[in-house]
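Peer 1: Please put together the full structure from these sequences, using the hints given.
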Amino acid sequence: MSKRCTLFFIIALFILMAIFAAGMVQAWTGDASPANPGGADSAIPWWGWPLILLVVTFFMGILAVLGGVGGAVLYTPIIGGFFPFGMDFVRGAGLFVALAGSLAAGPGLLKKGLADLRLAMPVALIASTTAVMGAMVGLALSDAIINTAMGIAILAIVVIMFLAKKSEYPEVGKADALSSALRINGVYHEPSSGKDIDWKIHRTIHGLILFVGIGFMAGMFGLGAGWANVPVLNLVMGAPLKVSVATSKFLLATTDTSAAWMYLNAGAVIPMIVVPSIIGIMMGSLVGVKILAKSKPSAVRAVVLTMLVFAGVRALLKGTGIWK
Amino acid sequence: MEGKAEATQTATPGASPEQKRYGAVLDVAMKVGLLVLLITFVLYLIGAPKPHVPVGDVSANWSLKVDKYLEVTQIEKGWSWAKNLGKSDFLTFAPIAFLASVTVICYLTILPIFIKRKDFIYTGLVLAEVLVLVLAASGVLPSGGH
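Heads up: the protein sequence lines correspond to chains A and B, in order. To convert, count from 1 in the first sequence and add 2; that's the numbering used here. To convert, count from 1 in the second sequence and add 615; that's the numbering used here.
I should point out that these hints are in silico values taken from the structure, not numbers from a laboratory. Using N, Cα and C, we set each Cβ at its ideal position, and we do this for glycine too. Warning: the hint list may mix true and false statements.
Said to hold, decoys possible - Label pairs and their calculated CB-CB ranges:
no.: 1; chain 1: B; residue 1: Lys733; chain 2: A; residue 2: Ser182; range: 17 to 25 Å
no.: 2; chain 1: B; residue 1: Pro664; chain 2: A; residue 2: Ala301; range: 48 to 56 Å
no.: 3; chain 1: B; residue 1: Ala697; chain 2: A; residue 2: Lys326; range: 35 to 43 Å
no.: 4; chain 1: A; residue 1: Gly196; chain 2: B; residue 2: Leu700; range: 27 to 35 Å
Peer 2: As structure tokens, then:
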């Protein structure tokens, strides 16, 4: 286990102990439940939920890496569906989970030249602008409407993930005029073949239009946007798969920053939900990277898709009032 | 759809100067932000200094809609937390806000590179992105209100 991984485990253990200690101190001083339960309808003490959240997000982080999805697309519907937190706070936390993951991965991806700043900047500007609008709409809607719409969106994402093919090196005959003007092209070294891969993109306008919707959904549902970034960058705009995945991960920080600020200013950020979630997902991601080589991608992908179907159906039923 | 990779002899792989600077600033800022977040969160858990809303009371209201939650806990929207950093729950918002500001900081550090290069397109993109993020952070845009 790497030093970084060990450090994260120590930090997480420290936080677990601190949560336990705070819970016990409150229990001894008489400040704990029943006056302070873990939510309106919860029998679990308040400190139980952050602990469960830490453990659940840890496994979520592992699955996210193995399944090739960002953490927030799993986080928001699953935590929103099964934890006693208001949807506003879950979506706010989801954005910070995606933001923290992107910030942590960004330096390495940029230095290696896998994430491309010139590719990211125009799409990030579009997506971050529409993410603000999405956040404004999302914060103005009732939980029932948000859950119903998110359930439908999650099930649509499952269909996209199931059907979308990936192209390692999409064929781009000629760069379009806009990408040429923006000089969006590059070279990266592919260790598996030992070659330097020269890439350019096309259909830039189409891609930018799609990012209008991606940003809006990211802000509205707090889902991050990796599930949509990669297919658009790779299949529509023709960026190589590795560049698409890396640039997607990097540009989440910009897209989600604008929406995250909207949630923060609205008061929809609770540290007791956000911090354990960030720690859990990041720890899980580190462990996921370690076991990635030994995992069976098809089996993991099936698990992730099944979880998303379950989370989507749960959100839909919760939104429509069938399963409260 | 599957095409063949082109091997090049002329261009060289690697990050551009602005990419390297962005990555270097991001690396430091992200680590500082996460470390301070952990420290302030532990302080909040142990109640040092005393929080505005006790940790146990947060859970009694975290299932509410945000506007109701703010009303019950008597917290104001926007940047009100910045005026109350002497309370441990509001102190935790400082690193959260910092992490949400890291992208703006990184963009501003690469701006001089584009200006020096007279790259007006990317100078404009940087300024536009900073404007969007600062506008979102400012709190002047309406958020919520149900």
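Peer 1: Please flag the earlier hints that this structure goes against, numbers listed from lowest up.
Peer 2: 4
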